[in-house]
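Chains as they are written, first to last, in this note's numbering: chain A, 407 to 604; chain B, 407 to 604.
Think of the hints as simulated: they come from the structure by calculation, not from any bench. A portion of the hints provided could be inaccurate.
As the list claims (entries may be wrong) - Straight-line distance between alpha carbons at most 25 angstroms, and here's what the computed SDA-like set of lysine to any residue pairs gives:
id, chain 1, residue 1, chain 2, residue 2
1, B, K463, B, S564
2, A, K463, A, R519
3, A, K463, B, E434
4, B, K463, B, T524
5, A, K463, B, K453
6, B, K463, B, E484
7, B, K463, A, G436
8, B, K463, A, E434
9, A, K453, A, G477
10, A, K463, A, D438
11, A, K453, A, I442
12, B, K453, B, L469
13, B, K463, B, G443
14, A, K463, B, D438
15, A, K463, B, D525
16, A, K463, A, G423
17, A, K463, A, G436
18, B, K453, B, L426
19, B, K463, B, G561
20, B, K463, B, G477
21, B, K453, B, G477
22, B, K463, A, Y435
23, B, K463, A, G477
24, B, K453, B, G423
25, A, K463, A, G477
26, A, K463, B, G443
27, A, K463, A, A439
28, A, K453, A, M526
29, B, K463, A, A439
30, B, K463, B, R534
Note that this is a predicted model, so its numbers are computed, not measured.
2 protein chains.
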Amino acid sequence: MTETAMRRGRPGYDQRGILLVAVAAFNEYGYDATSIGMLAERLGLSKSAIYHHVASKDDLLALALDEALDGLEGVLAESGATTGSAADRLAFVLRGAVAVLTDKLPYVTLLLRVRGNTDMERAALARRRAFDRAVADLVVEARDEGSLRSDIDAGIVSRLLFGMINSIVEWYRPDGPETPAQLADDLLALAFDGLRTP
Amino acid sequence: MTETAMRRGRPGYDQRGILLVAVAAFNEYGYDATSIGMLAERLGLSKSAIYHHVASKDDLLALALDEALDGLEGVLAESGATTGSAADRLAFVLRGAVAVLTDKLPYVTLLLRVRGNTDMERAALARRRAFDRAVADLVVEARDEGSLRSDIDAGIVSRLLFGMINSIVEWYRPDGPETPAQLADDLLALAFDGLRTP
């Protein structure tokens, strides 16, 4: 879909097409090392043509981080995340997070590298932390309802779960053999039931 | 121990004391953005005093990566990693990896950020991959001996295990409430038995 959109967009890129190329460059060279001039060259556009669509490089970063964060927050808003047992809601949210990471891979990759150098980056980090906290709260709730073991620390468990989920951006290949749904199945099987033969 | 070594070393830092300060700076500012001049200022030494102990910035990075990799490879060489069932050996190696990550936190943090920009970095990445492969082989062996479930992909499992382990450098605080041994217990409990109440 993105491929088609990009081809269709050239040479008259829309904001979305520019964003895709910008995010790829931010991930490859780093945000600081990427200039609007470099993006113009990659896009075959003039710098003023880019500024017709976005006010600044900072704006491109904000749009990209929104894309990732809107996806994650969207999972929390679905009915699967708000109704049912805490264990079921936790499973739903973990599965949804895997879906967002695989579907919006370059955007989430960028989000996970943000260090909070500007107000905008700090606002994005605050939204990311709120998502993490919602998951951590679900772990506590699932433990308190008796679905999850109480002998391991809920805070550590949350961090290890995010360790698994966030690692996906390091090694997942959209053209690899595993579908996002299978990947989510494997992650949930490991997290809930463990690797040991029953 | 390192604190003491540093205090004892000042102002006559030895190579180890210089390395500690260099690794902290590499992690804070990035390797490229750190100069020998900056290190000299932090250490209160002249640049030539630093060059008395190390030939170059690249040398400092090589020493730091060695520190992390020697630790990880050391785990594989212990008898717990070479004798017993594959499941026991896997557990031993995962526990050992957690111990190395928490004990050599700044060195492993640096290792996990290396992208392979030089021959030296590529050599370090090759050693890191060899360690990862040894763990992946143990997962396959443990599955084949019947200790681990066969319905989840061994390659995915290995990557998720490393996702958990490597995330430790992101959030572990040496002065936090959890000891490295408890952290390893929690990680092994999650990985082998899962979170669900038995």
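Comparing the hints with the structure gives:
{"no.": "1", "hint": "B:K463 <-> B:S564", "in the structure": "violated (34 angstroms)"}
{"no.": "2", "hint": "A:K463 <-> A:R519", "in the structure": "holds (16 angstroms)"}
{"no.": "3", "hint": "A:K463 <-> B:E434", "in the structure": "holds (24 angstroms)"}
{"no.": "4", "hint": "B:K463 <-> B:T524", "in the structure": "holds (13 angstroms)"}
{"no.": "5", "hint": "A:K463 <-> B:K453", "in the structure": "violated (37 angstroms)"}
{"no.": "6", "hint": "B:K463 <-> B:E484", "in the structure": "violated (32 angstroms)"}
{"no.": "7", "hint": "B:K463 <-> A:G436", "in the structure": "holds (22 angstroms)"}
{"no.": "8", "hint": "B:K463 <-> A:E434", "in the structure": "holds (24 angstroms)"}
{"no.": "9", "hint": "A:K453 <-> A:G477", "in the structure": "violated (30 angstroms)"}
{"no.": "10", "hint": "A:K463 <-> A:D438", "in the structure": "holds (10 angstroms)"}
{"no.": "11", "hint": "A:K453 <-> A:I442", "in the structure": "holds (7 angstroms)"}
{"no.": "12", "hint": "B:K453 <-> B:L469", "in the structure": "holds (18 angstroms)"}
{"no.": "13", "hint": "B:K463 <-> B:G443", "in the structure": "holds (10 angstroms)"}
{"no.": "14", "hint": "A:K463 <-> B:D438", "in the structure": "holds (23 angstroms)"}
{"no.": "15", "hint": "A:K463 <-> B:D525", "in the structure": "violated (33 angstroms)"}
{"no.": "16", "hint": "A:K463 <-> A:G423", "in the structure": "holds (14 angstroms)"}
{"no.": "17", "hint": "A:K463 <-> A:G436", "in the structure": "holds (12 angstroms)"}
{"no.": "18", "hint": "B:K453 <-> B:L426", "in the structure": "holds (16 angstroms)"}
{"no.": "19", "hint": "B:K463 <-> B:G561", "in the structure": "violated (36 angstroms)"}
{"no.": "20", "hint": "B:K463 <-> B:G477", "in the structure": "holds (22 angstroms)"}
{"no.": "21", "hint": "B:K453 <-> B:G477", "in the structure": "violated (30 angstroms)"}
{"no.": "22", "hint": "B:K463 <-> A:Y435", "in the structure": "holds (22 angstroms)"}
{"no.": "23", "hint": "B:K463 <-> A:G477", "in the structure": "violated (42 angstroms)"}
{"no.": "24", "hint": "B:K453 <-> B:G423", "in the structure": "holds (15 angstroms)"}
{"no.": "25", "hint": "A:K463 <-> A:G477", "in the structure": "holds (22 angstroms)"}
{"no.": "26", "hint": "A:K463 <-> B:G443", "in the structure": "violated (31 angstroms)"}
{"no.": "27", "hint": "A:K463 <-> A:A439", "in the structure": "holds (11 angstroms)"}
{"no.": "28", "hint": "A:K453 <-> A:M526", "in the structure": "holds (23 angstroms)"}
{"no.": "29", "hint": "B:K463 <-> A:A439", "in the structure": "holds (22 angstroms)"}
{"no.": "30", "hint": "B:K463 <-> B:R534", "in the structure": "holds (21 angstroms)"}
Checked against the numbered hints listed earlier, the structure breaks hints 1, 5, 6, 9, 15, 19, 21, 23 and 26; every other hint is satisfied.
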